[in-house]
Structures are given as C-alpha cells and as structure tokens.
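There are 2 protein chains.
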Amino acid sequence: MRGNAPRVERTPLQRLRDATNDVLASSPARFAIIVFTVLIGLVTTLLMLPIASASGDPTPFSDALFTAVSAICVTGLVTVDMATHWSVFGNVVIVLALQIGGIGVLTLASILGLVVSRRLGLRAKLLAASDTNAARTRGGPVSESQAVRLGEIGNLLVTVAVSALLIELVLFAIILPRLLLAGFDVWTSIWQGFYLAASAFTNTGFVPLVDGMEQFSADPWMLITIAVGVFLGSLGFPVIFALTRFARFRARLTVHAKLTIVTTLLLILVGMIVILLLEWNNAMTLGDQDYANRPLTAFFISVMTRSGGFSPIDIGAMNGSTLLALDMLMFVGGGSASTAGGIKVTTLAVLFLAAFAEARGDRDIEVFERRIPTDVLRLAVSIVLWGATIVSASSIAILHITKAPLDLVLFDVISAFATGGLSAGLTTNDLPDSAKYILAATMWAGRVGTVTLAASLAAAQRRQLFRRAEERPIVG
Amino acid sequence: MRGNAPRVERTPLQRLRDATNDVLASSPARFAIIVFTVLIGLVTTLLMLPIASASGDPTPFSDALFTAVSAICVTGLVTVDMATHWSVFGNVVIVLALQIGGIGVLTLASILGLVVSRRLGLRAKLLAASDTNAARTRGGPVSESQAVRLGEIGNLLVTVAVSALLIELVLFAIILPRLLLAGFDVWTSIWQGFYLAASAFTNTGFVPLVDGMEQFSADPWMLITIAVGVFLGSLGFPVIFALTRFARFRARLTVHAKLTIVTTLLLILVGMIVILLLEWNNAMTLGDQDYANRPLTAFFISVMTRSGGFSPIDIGAMNGSTLLALDMLMFVGGGSASTAGGIKVTTLAVLFLAAFAEARGDRDIEVFERRIPTDVLRLAVSIVLWGATIVSASSIAILHITKAPLDLVLFDVISAFATGGLSAGLTTNDLPDSAKYILAATMWAGRVGTVTLAASLAAAQRRQLFRRAEERPIVG
Ligand SMILES: [K+]
Ligand SMILES: [K+]
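In the order they appear, the protein sequences are chains A and B. Here the first sequence is numbered in the working numbering, starting from 80 and rising by one per residue. Here the second sequence is numbered in the working numbering, starting from 80 and rising by one per residue.
Chain A with its partners taken away, still in its complex shape (with noise of 0.2 Å):
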C-alpha cells in the first residue's frame, strides 16, 4: 500500500468533508453523539457570556450548561427563570438551541440509524417508513448500497426542516392574534409567538412569557394550539410523512404510524381520565377551576405528558398519586424519531402486544394484519431496561444528595430522562450543582441514550455460527 496509492490532489475543505464522511459512514450514532455533545459545550459558552443575560453578570457555569443540555435536549427544566433571567442575545441561542436540538441531529441521527442499520439506501428508507409497500420495510442486509453521505443529510435535514418551520408557522399564526388580544404589543407577540410555536412543536416546553402559561389557563385558544402543537411534534417525522402521503395520495398507513397515533391517543386518553378523577378536588388545581375548565386543563396536562413540559397550573400541587400517574405517562414520552422523549410509545406497544400475543397463545406478534419481527421485542426490552436503569441511578443519587422527597425527585428525573420539562419543583429550588450535574446528564442520556440504542444496537450484525441447544428457564 505503501506510497504505491494512486495521489489525487485534494483542497482541505475536500478533506476534511471525506473523513466526515467516513466517521458517519462507520458509526452515525457515534458521530450524532459527538456533534450533539460539541453543541452543548459551545451553547454553554455562549450563555456563560455577559451579553446573554438581562443584567449583564456572566451565568454560572451549572445554570448555563444546564440550560443548554435543556434546550438542545428539548427538555425543558429550568434552574433560572426562562422570562427574566436572559437578555435578546441569550434567547435567541436559546430558541436556535431547541430548534437545531429538537429538528436536528438526533431526530437525524434516528433515522439516519436505521437507514445504515438496515443497509437500506436513505431515500428507500424515507419513503419505507411513509409507504404502503410492507416487503420494503422488511429488515436485513439488501444488495442496495449502504454509504450515508453528507449530500443525504442535507437533503432530509431539509425536507425535516421545511415540514417543522411549516408547522411551526401555522401554529405561529394561530397564537399571534390571541397574544395581540391578550395586550402584548406587535414586537413582543411575534417574538413571544414563535419562541411559544417552536418550544411547542419541538415539545421543548420553555415559555418566554413573565406570567407563564398560568395566564391562559382558562383560555382553550391557547391551550389548544400549544397541544396540537405538542402532539404533532411528539408523533415524529416518519409519522408526519405518512400522515401527509395519505393526506395526498391516500396512501395506506404503515403500521408505525397506526401504532404511534392509536397509542399516544389511547395515552392521551387515559392520562386525561386518571387526571381528572384524582384532582377534580383539590383545590390547589382543578378544584379551583370552573367544572367545565376542568376537561380542558386535565386534557392539556395529559398531552404534555408525551414530552411537551408546559404547565397551566402548578405541578407541585397535585397530589401524589397523580404525580405518580403522570411520572409513568411521562416515562413512555412520545413518538419515535421525533422530538420527543421517553421510551417512545411504540416501545410500550410492542411489549403490550407482546403480552397480548403470550396471553393468546400466539405464535406470532401481530397487529394492524400486520407480523412483527421478535428483534423488534429484545430492542424494545433493551430500551426500557436503559430507561429503568438511568432513571433508577439518577434518582437515587439526587435523592441522596438533595434527601428530597421521593415523589418530587422521581418526577424530576423522570421529567428529565424522557425531556418531559413539567417539573413537580425540585430543579427550581436552589438544587445544588452537584445534582444539577446530575440532572443534566440524565437529559443528555435520556435523550441520546433511545435514540442511539435504537440505532447502534439494531445496527450491529454478529453472525453466529452454530445453534445451540435449547433450554428454557423457568420464569415467573
């Protein structure tokens, strides 16, 4: 090899572009994580600067990255206050922040994922997961060429961008006049407008507004848009894709968008009901409210839980056994490939169909006319065993360091690890730094963690070269 390679002159630029795309070639998880992680330092930097903050005092260290991992995570906890704390400069790092983290690497890099790990070419694999041609979704090697170039990121990061700003728009129009009405003057409601448009459909969760979303509370204009806003952010691109083919073409859904909206709608459902029923008295919450703001609130919370993080009412005073509902909803958090996070809701299908499936005696996991593959189940188990084990040490950890009540710190880390952003109030009273250290790698973890298990684990391939005898265990 030695000098006998055939020199072709290359600019640096070249250079640099081709050892890119060799890393992501090899491993796109790995070079998610590092262009991910690379961004958190830099916006961490940026909100350290004075010019970032309303009165000119540098932020300290903790605070910044905290809100840095928070906003390029979508998060959404905060140990500052979001509307006084930073200057025009900080928040629009800020909103850029949540936009490149919410529409940009990692929703990316999950897809990107799957395109290398089923060695199926980009462009098939974008129209396989919005297609009603099943046998192309179909998993393992094919003969189609493999390599994930620079060129296909930048046309998805388009078509995913174009669909976000899109969206973000029609919920931006929508929320402009309610703000105009409400006082605000022309600037600050389209400035506020699109922050609130953006943190809602990057299920982000921060709120520009000095009185919080306790000023709509009442106001089903609001509410409603800032949860169709959540909910179509939560469902995912592949979704949305599908969701637009069969808009214009009526084409056949796949059986991940089925599975993703009948399950976030069930979810949604269910919360709205658990909620309802355990708070309709306290009077620190819906007690409060008149009886038919009650289904709005109840509704609007239970939408939050896919990973939306805004809160009318005050989160802290609900009663334990809601906080507990809601730490479960919040755990499953939203779509895959999508903005939100959690286990995703697919996840919890497959293992409910899974059981279902065991309880019948089935052979087969089926669903929508549909098989699912069994290695669809051991990445679903491995995604939830991470789950349980980041949220398990986080919790215990914080709850050792802080010796804060159970149910506000489970709320937190679980807040955390799916990037829910409701907080039950432990990260906005004086957390010390070691827990908030604690906390922001929960979020990077929660929120790196799925994805790039779901990409690296279905990505790697060992071929085994006997079969072994079976034995079965006993279990249960």
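Since the hints were derived computationally from the structure, they do not count as laboratory data. Just to be clear, a hint being listed does not mean it is correct.
[What the hints assert, rightly or not] Taking beta-carbon pairs under 10 Å as the criterion, some of the chain B residues facing chain A (in silico):
(1) 112
(2) 438
(3) 449
(4) 520
[Stated by the list, open to error] Far from chain A, some chain B residues (derived; all Cβ distances over 10 Å):
(5) 431
(6) 433
(7) 437
(8) 465
(9) 476
(10) 485
(11) 486
Everything numeric in this text was worked out from a predicted model, so none of it was measured. Positions of the beta carbon are idealized from the N, C-alpha and C atoms, including for glycine.
Add chain B with the ligands to chain A, keeping to what the hints say.
Just chain B with the ligands, lined up with the frame of chain A:
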C-alpha cells in the same frame, strides 16, 4: 349420550375426587386460585374467633383478613403486633397458614402449570427441572400423557413438604441453642425456634419475638442462619432438587438452576454494596453500629429483599435513596416455583440476556452454552408488565386514600406485591380499612398473579392458520 352411558356406581367421595380431577386437568391454575382463596377465607374466619387473640376479644375483619392473606401469601406485612396480639391458637393457625401458603398450593400450582403447559408427565417434568438432559426440558407438545391427577399431586406434595421440613429442622437445630443462650425457657425456645425456621424458609418474615429481630441485630449466629434459610427458600424447589442431584450424583445443573443461583448471588452482592454505601453514615441505621457489624447488616437486609422480610433495624429510618434501591430489589424477588415473590430473578435475567444479545447483534439469546427460546422472553415481558401494573394501580390508590409520602407507599406496596414483608412503616401506622383491603388485594394478586400467569399463559396454545406479512415499527 343421554341415558346411554354405562352406569357405574360411585361413592360421593369418588365423585368429588373425579370432579376435582376434571377441574384440575382442565385448568390447574384456576384450581390453585380457588383453593388458595378458600384457604384465605378459612384462615380469616379462624383468626376472627375470640380464642385466636391473646385478649380474648374478636379481631376486626380487616385485620384478620390482612393477617390471613399475609400468612397464606407468605408476605409478612402486619397491621397488628404479631408478638402480642395472637393467642397460642392464633399462632398455630398462622404457622400452619404460612407453611401451607409457602410450600403448598401455589408452589405446587406453578410446577403443575408447567407440567400441563408443556404436555409433560409430572414425573418427567420434575426430573427434567433438575436433570442433565437438556432435550427432556424442551417445550412443545409431546406424546406423553398430559393428565394431572390428585395422586400425582400427592406425590409431589410429599416430596416438597419433606424437603421443606428437612431444611426447616436443620435451621431449627441451629436457632434453638441460640434462643436458649439468649435466656428463653425451653418451650418458648422450641416454639419460637420452629416458628422462626418456618418463617425464614417460607420467606414469610413473621417474627414471634416480643423485641423483634432487633435484639439479634449484631448476632452473626442468628442473622446468618435466618439469611441462609431465606436464601434457600427463595431459590425455589426446582433449584433445590437440582442442587440435591448435583451433590449426590454430580449431575449437571440445569440452566434454570444456574441462572437462578448466579442472578440471586449478584443481586445480593449489589444490594449489599448499595446499602453499605448509602447507609454508612446514617446514625439511625448502620452509622450507629460497629464497623465490623455494618457489612453483616447490609448483607442480611440485601438477602431479605429476595422476599425474606426480617429486619434487624428500622427500615423506615433508612435514607430515601436506600428505600428506592430496596424497592427495585424487592420487585425482582426470588426464584421461580419458590416461596418467594416478585417477578422472579430468572425473569429479570432473561430480560437482561435479551438486551445483551441485542447489543451484541446475536440472533439467539444464549446463556451457559444453551439457547433460550423467544417465547420465554415474551412470558418474561408479560410478567413484568403485570407486576408494574399491579404496583402502579395499588400505589396510586393508596396514595390517594392516605396522602402518605410516596417513598413509604411505594415501599410497602412493592413489599406487598412481591411478598417481601419489609415495611417502611405504612402498614403499622393506623392504615384506613380501605387501604388495608387494597394492600391485601395486592398481596393476593402478587402471589397468585405471576405464578398463574406463568402457568396459564404458557398453557394456552392457539394455532395460527397463516403467517402475516412482516412489518417493522420503529421503537426507541
Ligand atoms: K420538553
Ligand atoms: K415475606
């Protein structure tokens, strides 16, 4: 058919026997649940009698039911003081109940369920569970007779009861001198020694001593004996039989036995380390003890989370972080077909093995040079979902009724579900009757549920006429 069947004269006893055989053959799981529930009713009635209480007053229904369920389910949670509330008659009823509960109905049912489900004769299956021949443990229909008859149950009952009594007698022989040395008189020592031995091996955790286990909190003799008893009981009869065969004939251990032992030891080690780390400086628990005694206490409590339920220290005084760690350990519980509860150690092991196989990209789930069939994973997922659902629903209900802190509620609910028997203090603090009933139902569901799920789900075999097209939803 009508009138044409040859008439054979049968005594009423024969007819009862045949009817029982019919129910048993059609659904041993249902049969077990019926017998189990009838036993709870019987014990409740006996405990409500005035002669069952030390004071001679009738015990309220809620406390009698709670104690009966706790004894029959070998849970060990209490709402009255076990050392002072009951008379000799009451204590005899309780010891009989926990013996029958521990080694009786459900342990049998879980083995029988496997027998019927796998279409294996009882003797073949019992051997298979402790056999070297992997082929004989293979599932699926085989031509051997599948009917399970009362006579066979009798044989199995004798085998199980003799093993249990033998182990309990050995434990008793070790405990007795320690009690005599502690200054108890001979009859009290004999009575309480056997009560303790039975309570340990059956993983019940009731303590007849007026000062509880705390008087032995620095006593390796007592603590290690009890821990060994709990450990052996929590392994389960299939493992005990396998170990016996290994000791006598150097027979190869089954995958089930190896998996149970390795996972149990790992959990005990991890639990011990976590307890030591988190409680080292807690002056109300380990911090108060000699340095040398702390590892012993941590080891003992870690073993108890299999589902032993004895405690030499005040569990309620532990840190919230430790309680959460214990929650997770208790939820796992002990071995299958044992006197322990929880989702079972092999269930957890199978989930992790599946995740490791996924991470390595292996086609098969393998351990100890054997392949674990995929339907075992589905069963494991079903059991975990069942457990999580019971624990969540029960916790939410009790949180709503009592408004108690989440850490106490979650601990005692998981303890009830997994028949753990340790209490953070919820049950002993004047629980409302409605909460007692919910906890009793949780104990019942926890003990009956996983066993019969494992048995009855595995039993069902629906033939699917054709295979659907495969389609792969995105998870994670
Ligand atoms: K969020
Ligand atoms: K117990």
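Checked hints:
Interface hint status for residue 112 of chain B: violated, as the beta-carbon distance to the closest one in chain A is roughly 15 Å, over 10 Å. Checking residue 438 of chain B against chain A by beta carbon gives a least distance of about 6 Å; that is within 10 Å, so the hint holds. This hint holds: residue 449 of chain B has a C-beta 4 Å from the nearest C-beta of chain A, less than the 10 Å allowed. Contact between residue 520 of chain B and chain A, as hinted, is not supported at the beta carbon level, the nearest pair being about 17 Å apart and thus beyond 10 Å.
Here residue 431 of chain B does not stay apart from chain A, with its beta-carbon only about 7 Å from theirs, under the 10 Å limit. Distance check on residue 433 of chain B: its Cβ comes as close as 5 Å (rounded) to a Cβ of chain A, failing to clear the 10 Å threshold; non-interface status is violated. Listed as a non-interface residue, residue 437 of chain B fails to keep its Cβ farther than 10 Å from every Cβ of chain A; the least gap is roughly 4 Å. Annotated as non-interface, residue 465 of chain B brings its C-beta within 10 Å of a C-beta of chain A; the closest such distance is 8 Å.
Look at residue 476 of chain B: its CB is around 7 Å from the nearest CB on chain A, not clear of 10 Å, so calling it non-interface is violated. A cut-off of 10 Å between C-beta atoms contradicts the statement that residue 485 of chain B is not in contact with chain A; the least separation is 4 Å. Against the 10 Å criterion, residue 486 of chain B falls within the reach of chain A, whose nearest CB is about 4 Å from its own CB.
Violation of the numbered hints given earlier is confined to hints 1, 4, 5, 6, 7, 8, 9, 10, 11; the remaining hints are satisfied by the structure.
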